[in-house]
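K.L.:
Knowing the structure of chain A, use the given hints to seat chains B and C on it.
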Amino acid sequence: MLNQQIISNFSVLSEKVREVKPLVHNITNYVTVNDVANVLLAMGASPIMADAKEEAADIASIASALVLNIGTLNARTVESMILAGKAANEKNIPVIFDPVGAGASAYRNEVTGQILKEVKISILRGNLSEISFIAGLKSNTKGVDASEADSLNDAESIAKNVAKKYNCAVAITGKIDVLSDSCRVFKIANGHAALANVTGTGCMSTAIIGAYASVTNDMLLAAVSGVSTMGIAGEIAYEKAKNLGTGNFHIALIDAISNLNSSMILERAKIQ
Amino acid sequence: MLNQQIISNFSVLSEKVREVKPLVHNITNYVTVNDVANVLLAMGASPIMADAKEEAADIASIASALVLNIGTLNARTVESMILAGKAANEKNIPVIFDPVGAGASAYRNEVTGQILKEVKISILRGNLSEISFIAGLKSNTKGVDASEADSLNDAESIAKNVAKKYNCAVAITGKIDVLSDSCRVFKIANGHAALANVTGTGCMSTAIIGAYASVTNDMLLAAVSGVSTMGIAGEIAYEKAKNLGTGNFHIALIDAISNLNSSMILERAKIQ
Amino acid sequence: MLNQQIISNFSVLSEKVREVKPLVHNITNYVTVNDVANVLLAMGASPIMADAKEEAADIASIASALVLNIGTLNARTVESMILAGKAANEKNIPVIFDPVGAGASAYRNEVTGQILKEVKISILRGNLSEISFIAGLKSNTKGVDASEADSLNDAESIAKNVAKKYNCAVAITGKIDVLSDSCRVFKIANGHAALANVTGTGCMSTAIIGAYASVTNDMLLAAVSGVSTMGIAGEIAYEKAKNLGTGNFHIALIDAISNLNSSMILERAKIQ
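Protein chains in written order, with the working numbering: chain A, 1196 to 1467; chain B, 1196 to 1467; chain C, 1196 to 1467.
Same shape as in the complex, but just chain A (with noise of 0.2 Å):
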């Protein structure tokens, strides 16, 4: 059964971010960058992108929200998100953290520890091998994308979990999505298969969720709403562009996100 109260909050916070138009902070990868930027415009908030360790700290300061993304990380920034990650924290600014490829490398595999014991995380955003790996489980990451081992059979408790480990915010998403802050716990059903043939779809649900936590201070239903959005935008693309190709549909996604509005939302968020 839907949860009508949730969908609720989260078409309301949908026209806030198109009123507060919040500045969100992402230090991310440069495969997906200007993806990112155009979701973020396309729902009404501010983008801005700041790597260098000269001023990490002081954008994410002056910023909303702050979202880390280590798809292409190196030494560099991963500096400068330990930096803005501490900045941010001392302003009690959300930080949202995209542990990409996390069990793929162990270089990946240690910045993320790093992250998660140097920064307080509000929320936690990845695929099932991901946040597995977070969790201490046997990882089975192949690459960046979800690999085809994952199944929502442990989603649930992994999220309870890690949200309870890390006093945070996780949204497992997969087939079904699978959120919680260790007390609450939502799935989600909206989404298309379709979205998997497009990279990036993860980093800007990512950094959607940035946005809504900006202005909130419910992170649950930061990332909830972040993450139905893409699923929802990913539901109206395929109708659109489903005929066309996977370039199209691409467009079509970031269409989607742009003329979302808050009816839309209480009409096709599959939320429970």
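Do not rely on the hints blindly, as some may be mistaken.
[What the hints assert, rightly or not] Here are the computed lysine-lysine pairs in the BS3-like style, where the Cα-Cα straight-line distance is at most 30 Å:
#1 C:K1359 x C:K1370
#2 B:K1211 x C:K1359
#3 C:K1281 x B:K1211
#4 B:K1248 x C:K1281
#5 B:K1355 x B:K1370
#6 A:K1437 x C:K1435
#7 C:K1211 x A:K1437
#8 C:K1437 x B:K1435
#9 A:K1465 x A:K1359
#10 C:K1370 x A:K1370
#11 C:K1437 x B:K1465
#12 C:K1281 x C:K1355
#13 C:K1248 x C:K1281
[To be verified] Computed beta-carbon distance windows for the label pairs:
#14 C:E1210 x B:S1457: 46 to 52 Å
#15 B:A1301 x A:L1197: 44 to 50 Å
#16 C:K1286 x B:E1274: 35 to 41 Å
#17 C:E1462 x B:E1285: 54 to 60 Å
#18 C:S1457 x A:M1196: 41 to 47 Å
[Unchecked claim] Far from chain B, by Cβ distances over 12 Å, these chain A residues were calculated:
#19 L1197
#20 A1384
#21 N1385
Calculated directly from the structure, the hints in this document are not laboratory data.
Heads up, the beta-carbon is just placed ideally off N, CA and C, and yes, glycines get one too.
P.N.:
For chains B and C alone, kept in the frame of chain A given last:
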């Protein structure tokens, strides 16, 4: 009243770029770099991106214009910008500078000052916040997007003063764009609000200015032509894509630049 | 006369990529990296971009192919390319090298030589200027786009000589593409001039070759298949988008790759 002379010169310049296919060297940010390369190709120029200090000067020396953009600056690329800028100066190759986010962090402010001190800039393009910072005025830069407090009020005197101070052409882009080389002043009424919904339209304008600067000695004409090109393309793109969303608007913008010709310029340019 | 055997083998290979979903590791430039990831996904492969020296070898070791592209090389990423290349060599993972802009700066020339010396390359893809530089001939590289002086005249002998010298397959792309492994020579007449109006079609071709090299031991077949894939997709994209502009052509190109199947290959491939 429209200035038919500059509009005519701009239309001639647009044809010249397609004929000459100038090589434009960009040291720019990783957020919008793909669009920058694609708009340069769309207008008939040849883009090259090269930011290693080992080759920055060599590449600048074989280019017809150098575009510096500090959108995602770091110590490594700033060093390359200075090296490339000095090499361009030695060969009288025009240098176009986009001080993205000047005023937003101490580091951006410092680097902006350093570039203006060590490199002779031919054309400076920014929004009112950024150029106000350079003018020594209190800027209200909020991230890298133009702040809402931007207004036309002082733009003309700021453009003239900065142009005089740095002996260059200055383009302040906004609802009405104001450009000056300290003697002449032009105002451009092309453009559409939708341009602010796609990341990089400022970066693209700056690169387009670079292509025009490759084929004329009149730096203010190059700046006016570049800013008006983006404005006209924005109007055309909005006509094509207004019912679709910001994803398709983005694509229609590149289309419009690729289709722009001298007769469309004569018909649409609103330059006073 | 068309070579039906290689066309048939290419069509089988295209199905195999969709079946196996090989992980392709790319250390590439930040200009075209999003398109590279999206064309790999479009053809059914799984892209991973990772350029930190701390993980380059680890990621290469779990991939099915490694693609090195020096479009925006710097000291940090060149070190990672060498580390990844050596790790791939140890595991007999094919390494595909795109010497973007070789001949355009002393640094690119030096790095190109260094990579060819320290890493065993399986497939080399470039335009005639770039491959001529590698052949030791005077190159007239102007930036990163093919120079106008490129011609088919010497392409065949250059491809054969370079293939022999480095014991690899060589693809020289141009109006007519010429490929050789020193014994065999293929010429491909697919493609459209519009491909030169979008940045990264060369980079995308190289990555596509990487995906094919993941699922065959015949490196020349992989190269021929990759180059012809881009050519066929360019023809289809032009048919769809010719009246729209280069923005929509770009998107139609990704669409075409995502829709490509073995029967379209059998119908359209022009390989001699």
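K.L.:
Tell me, in ascending order, the numbers of any earlier hints that this structure violates.
P.N.:
2, 3, 10
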